[in-house]
Amino acid sequence: MKLTDTQWEKIKDLIPEGAKRADGKGRPWRDKREVLDGILWILKTGAQWSHLPASYPPYQTCHRRFQQWREQGVMQKVVETLARDLQERGDVDLSECFIDGSFCMAKKGALLWARLNEARAPRSWQSQMLVVLYYLSQSNQHLPTK
Numbered sequence: 001m002k003l004t005d006t007q008w009e010k011i012k013d014l015i016p017e018g019a020k021r022a023d024g025k026g027r028p029w030r031d032k033r034e035v036l037d038g039i040l041w042i043l044k045t046g047a048q049w050s051h052l053p054a055s056y057p058p059y060q061t062c063h064r065r066f067q068q069w070r071e072q073g074v075m076q077k078v079v080e081t082l083a084r085d086l087q088e089r090g091d092v093d094l095s096e097c098f099i100d101g102s103f104c105m106a107k108k109g110a111l112l113w114a115r116l117n118e119a120r121a122p123r124s125w126q127s128q129m130l131v132v133l134y135y136l137s138q139s140n141q142h143l144p145t146k
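Oh and the sequence shown: position 52 is 52 in this note's numbering, straight run, nothing missing.
Accuracy of the hints is not assured; some may be wrong.
DEER-style ranges, computed between Cβ atoms [as the list claims (entries may be wrong)]:
| no. | residue 1 | residue 2 | range |
| --- | --- | --- | --- |
| 1 | 47 | 88 | 24 to 34 Å |
| 2 | 95 | 22 | 47 to 57 Å |
| 3 | 71 | 13 | 12 to 22 Å |
| 4 | 23 | 91 | 27 to 37 Å |
| 5 | 22 | 96 | 46 to 56 Å |
| 6 | 24 | 46 | 35 to 45 Å |
| 7 | 18 | 44 | 21 to 31 Å |
| 8 | 16 | 44 | 20 to 30 Å |
| 9 | 2 | 23 | 33 to 43 Å |
| 10 | 20 | 95 | 37 to 47 Å |
| 11 | 67 | 27 | 24 to 34 Å |
The set of hints was computed from the structure by calculation and includes no laboratory data. Don't be surprised by glycine CBs; every beta carbon is placed ideally from N, CA and C.
Whenever a hint applies, use it, and build me the whole structure from the sequences.
Right, here's the structure in full:
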């Protein structure tokens, strides 16, 4: 998932710049927008960090930055800002949204019905973003590390 330029303009000041080491050693920090795009890809897909595509920064960098930003409250601010942006543009009505986390056992033959229902499921970026925003807003939510 990649942020649009408009979305990035709204949240770029919320994300802190990388700190340089006092001794001047070490690699320069990766671009914060690329790292955030990698984090959002993981949150959207639910994949393991090690499965992050090569088009994003290394998964270790994305995971480390996600942990730092989550602990600092940066991710909470980003989620709130993006959700407010979606609401202001009329792309989503947060009063009508919910996520059901219940689990039901499938009956025999349910796989066929699941495939048929999946073909009809909404695939808009707004509905996918709501799932990402929900998981980001859960401070006790832990993502797999490997």
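Taking 37 to 47 Å as the stated bounds, is the beta-carbon spacing between residue 20 and residue 95 within them? holds, 44 Å
Range hint compliance [Cβ, residue 67 to residue 27, 24 to 34 Å]: violated, 18 Å
So does residue 18 sit 21 to 31 Å from residue 44, Cβ to Cβ? holds, 24 Å
Measuring from beta carbon to beta carbon, are residue 16 and residue 44 in 20 to 30 Å? Check passed, 23 Å falls within 20 to 30 Å.
Residue 2 and residue 23, beta-carbon distance inside 33 to 43 Å? holds, 35 Å
Falls inside 47 to 57 Å, the C-beta gap from residue 95 to residue 22? holds, 49 Å
Mind checking the hinted window 27 to 37 Å against the Cβ distance between residue 23 and residue 91? violated, 47 Å
Are residue 22 and residue 96 spaced within 46 to 56 Å by their CB atoms? holds, 51 Å
35 to 45 Å was suggested as the range; check whether the CB atoms of residue 24 and residue 46 agree with it. holds, 39 Å
Using the C-beta atoms of residue 47 and residue 88, is the stated range 24 to 34 Å upheld? This hint holds: roughly 30 Å between Cβ atoms.
Honestly, do residue 71 and residue 13 meet the 12 to 22 Å range at C-beta? holds, 19 Å
In summary, the numbered hints that this structure violates are 4, 11.
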